[in-house]
Amino acid sequence: MSLEQIFQQALNGLSFGALLFILASGLSLVFGMMDVVNLAHGAFYMLGAYIALSVVQVSGSFWLAMLAAPLVLGVLGFALEPFLLRRLRGRHLDQVLLTIGVSLVIVDLIGQLWGREVRSLSAPGGLDGSIALIGGVYPVYRLFVIAFGVALAVVMGVVYRRTKIGMLIRAGVQDAEMLGALGVDTNRLFALTFATGAALAGLAGVVAAPVFGIQPGMDTDPGLLYSLVVVVVGGLGTLSGAVAGSVLVGPADTFGKVLFQDVALAVIFAIVALVLLLKPTGLLGRIRVAR
Amino acid sequence: MTSLARWALVALGALGLVTFPYWSGPWESSRFATTVIRDALVLAIFALSLDLLVGRAGMPSLGHAAFFGAGAYAAGIAGQRLATDQLPVTLGAAAAVAALLALVIGVLVVRSEGIFFLMLTLALAQIVFAIAFQWTAVTGGSNGLSGVGRPMLATLDFSAPDLMYVLVAGTFVLTALVLWGLGRSPFGRALMGVRENERRMRALGYDTTRLRLSAFVIAGTMAGVAGALSAYSTRFVSAQDAGLGNSVRAFVTVLVGGAGTLAGPMAGAGLVSVIERVVPSLLPPDLRIAEAILGIVFIVFVLFARQGLVGLGVARYASLRARRR
Amino acid sequence: MIEIRDLRRAFGGVVALDGVSLVVAEGERRAVIGPNGAGKTTLINVLTGEVPPTGGSVRLAGRDITRLRPWQRARLGLAHVYQRAELFAPLDARENVALAVAGRRSPYRVFRAPPRSEYDEANTILDRVGLAGREGVAARALSHGERRQLELAVALAQRPRVLLLDEPTAGMSPLETARITDLVAGLDRTLTIVIVEHDMDVVFRLADRVTVLHEGRVIADGTAADVRGDARVHDVYLGKAVTVA
Chain A
1 MSLEQIFQQA LNGLSFGALL FILASGLSLV FGMMDVVNLA HGAFYMLGAY
51 IALSVVQVSG SFWLAMLAAP LVLGVLGFAL EPFLLRRLRG RHLDQVLLTI
101 GVSLVIVDLI GQLWGREVRS LSAPGGLDGS IALIGGVYPV YRLFVIAFGV
151 ALAVVMGVVY RRTKIGMLIR AGVQDAEMLG ALGVDTNRLF ALTFATGAAL
201 AGLAGVVAAP VFGIQPGMDT DPGLLYSLVV VVVGGLGTLS GAVAGSVLVG
251 PADTFGKVLF QDVALAVIFA IVALVLLLKP TGLLGRIRVA R
Chain B
1 MTSLARWALV ALGALGLVTF PYWSGPWESS RFATTVIRDA LVLAIFALSL
51 DLLVGRAGMP SLGHAAFFGA GAYAAGIAGQ RLATDQLPVT LGAAAAVAAL
101 LALVIGVLVV RSEGIFFLML TLALAQIVFA IAFQWTAVTG GSNGLSGVGR
151 PMLATLDFSA PDLMYVLVAG TFVLTALVLW GLGRSPFGRA LMGVRENERR
201 MRALGYDTTR LRLSAFVIAG TMAGVAGALS AYSTRFVSAQ DAGLGNSVRA
251 FVTVLVGGAG TLAGPMAGAG LVSVIERVVP SLLPPDLRIA EAILGIVFIV
301 FVLFARQGLV GLGVARYASL RARRR
Chain C
1 MIEIRDLRRA FGGVVALDGV SLVVAEGERR AVIGPNGAGK TTLINVLTGE
51 VPPTGGSVRL AGRDITRLRP WQRARLGLAH VYQRAELFAP LDARENVALA
101 VAGRRSPYRV FRAPPRSEYD EANTILDRVG LAGREGVAAR ALSHGERRQL
151 ELAVALAQRP RVLLLDEPTA GMSPLETARI TDLVAGLDRT LTIVIVEHDM
201 DVVFRLADRV TVLHEGRVIA DGTAADVRGD ARVHDVYLGK AVTVA
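For the protein sequence lines, the chains are A, B and C, in the order given. Using the working numbering, the first residue of the first sequence is number 1, and each one after it goes up by one. Using the working numbering, the first residue of the second sequence is number 1, and each one after it goes up by one. Using the working numbering, the first residue of the third sequence is number 1, and each one after it goes up by one.
If we strip away everything but chain A, and leave its shape as in the complex, we get (with noise of 0.2 angstroms):
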């Protein structure tokens, strides 16, 4: 490969990172605070690009889309929390395999109301060109988007680490039940971070859209599978922890494929199976595993 392919790919790597931060992040806070791995994610991280396509047919703006898709998640995601998980509090298995049913709930009425055939769009008019880099041409829009994701992982840190509300997430990722005890309402808490979640994952379905495409099976790949490589590599939990995965695994998934095509999974698989059996916790990993 050439030093422009290899600076090309680097950037479809770095760019592919940022898409995997955005998505995962959403998925590490709810585990982090809630201890429930949301197997919705990737049928959120879905609706949200779905609803992106309805909202650009409709109003023309990839940006109202940006808007509107991560709104509408959060309202479901804060909705959807007390209704179906705050039943199950403290039976943290059984909300999982909740997650599973309302994935397969919302997976089925998207194809229902959106049909089953793969669908496109196209990144904003203004992000839509190329411009010139190192001996080549590279997309504008890959290139908002690693922009797009190094912002949003600042603010997020930001937010963490200097807020009230911040503080509170942190303290409820160290122990939930004491915040309980402490007289925070973990409830209302509970349903904020499951809404920031999935409007984050729904977030990623729109930034994606442009590069990822729309189509059936898009809720675990890329959604569910890459979000949980992710986390399982970097650590669950933590911000730091998606941060890490996601800057590991989206290069080495972008360059696997180049250099190994067909097999290029194998090399996600080598990764996965390194880490596991390194620091079985993920790198960064904030959860204990039996011993």
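Hints listed in this document are in silico derivations from the structure and should not be mistaken for laboratory results. Beta carbons are placed, not taken as given, at the ideal position from N, Cα and C, and that holds for glycine. Incorrect hints may appear among the rest.
Claimed, not checked - Taking CB as the label site, the calculated pair distances span:
1. A/ALA151 x B/LEU174: 30 to 40 angstroms
2. A/ASP94 x B/ALA5: 33 to 43 angstroms
3. C/GLY133 x B/VAL300: 34 to 44 angstroms
4. B/ARG6 x A/ASP94: 31 to 41 angstroms
Since chain A is already given, all that's left is putting chains B and C on it; use the hints.
This is chains B and C only, laid out in the frame that chain A set:
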């Protein structure tokens, strides 16, 4: 009812099940029911194997389809590459490949528990699926593997619909028997101990990691056999056979039927098959929401009937008996 | 029988064990006492293998077991009665003990049902600890005292060489305490027993020797009489609530 009488009843039921195509002929000339039951039985075998993990050993695996798919592909590919249709070879290949894959994945996941275990199995199985989906040269990629050979035993051709059914039903009865035996053996009891209190089991001298790995490999092998049967019956292997949807389907079947019981996965397979086959025929043709309905049924069970159909039945039976006293 | 040399265990910044050394002879009854936070439970957990030490070594019958896993140590004859009952809640008492009996053998027997002898032995052991008639009761349905008896039965079913009892009489009525104490006192003299206890009456009734821990260190080690008169031990306990039944 005496134990002997119960055994006789079970044997009779099993015999009836296996010979179904032969005595149902008069009112079942289209062989539709035979096909439906056959597919339900394949699901039942798959679900029974998963229940060994989920119900018995307390290992909630969401990646079980990886072994189902591996078995299906192995049966098909072995038949084609080795230019043979002989059942022992292709079925043997399916079991061996599934067992090996279960060993490899098992070693990685078996030290974790609960939700983390669930996620790991899901992620690793998904990777297996992705490999199957993309490795077009070997698996046919997204087009799937077609032309799976007829399962032959010497000159006996099992691809005839009635004989295929017998093959599946026979395997089902055998699987149920094996799992029944396993369940009441010291091994099965040890698995139950691991499920209830792993810490205690370790303190009692049980190598719980090895026990879980054994269960994982056994369950994976059985799933591989189920996959092979699926390949034989449809003469086709799709990458989706190894996908998350299939893993979820098996999990739903186990839970809805009743985890930890022998009858549970069977009942679950029946219910799921009904929902998938019968419901679409009740709805207008452009309303394809069978999966969503399955999802809702699943949610309802998780919320209100966690012990599944069998659990509901047992509770009902117990309350009826109590009332009679 | 048990040789602990310079055992250390720190949890982050907290030092739980700070160079603990002690030797327990075969057949000895050793009590480990000390105020709360002295490191007693950590000591037990390091002995069973559930917590790895950050320094030092543990030997069982001359064999270095410092790196062995809990299940391996159990197979070498180490049995543990937990501070908080760790039983198989939905299973009945007999099943609980049977699992322990079966633990002595390989669990990879798949071709037949568990032998009657395991259940017969379980019944016998349950009888010995005073739970005759309660064999078929689910563990979670037993009273607190009965659960402790069951715990003891389960440990004994392992046919151990060493028995570790972590506060066996905690939370018990005087009647239950006396019953457990009698049971332990009546155990075979070839069995080495280490008891962590707060109840001094139990300690003086059962123990040959007493080791006193304080802030992760051994501050006294001798016969019960020696320790009773030791000024340092008095200082350490002064002002602290010692649970006496």
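For each hint, the structure was consulted:
For A/ALA151 and B/LEU174, the hinted distance range of 30 to 40 angstroms is not satisfied, since their beta carbons lie about 60 angstroms from each other. Distance hint check for A/ASP94 and B/ALA5: the Cβ-Cβ separation is about 38 angstroms, which falls inside the suggested range of 33 to 43 angstroms. Distance hint check for C/GLY133 and B/VAL300: the Cβ-Cβ separation is about 42 angstroms, which falls inside the suggested range of 34 to 44 angstroms. A beta carbon spacing of about 33 angstroms between B/ARG6 and A/ASP94 agrees with the range 31 to 41 angstroms that was offered as a hint.
Hint violations for this structure: number 1 only, all remaining hints satisfied.
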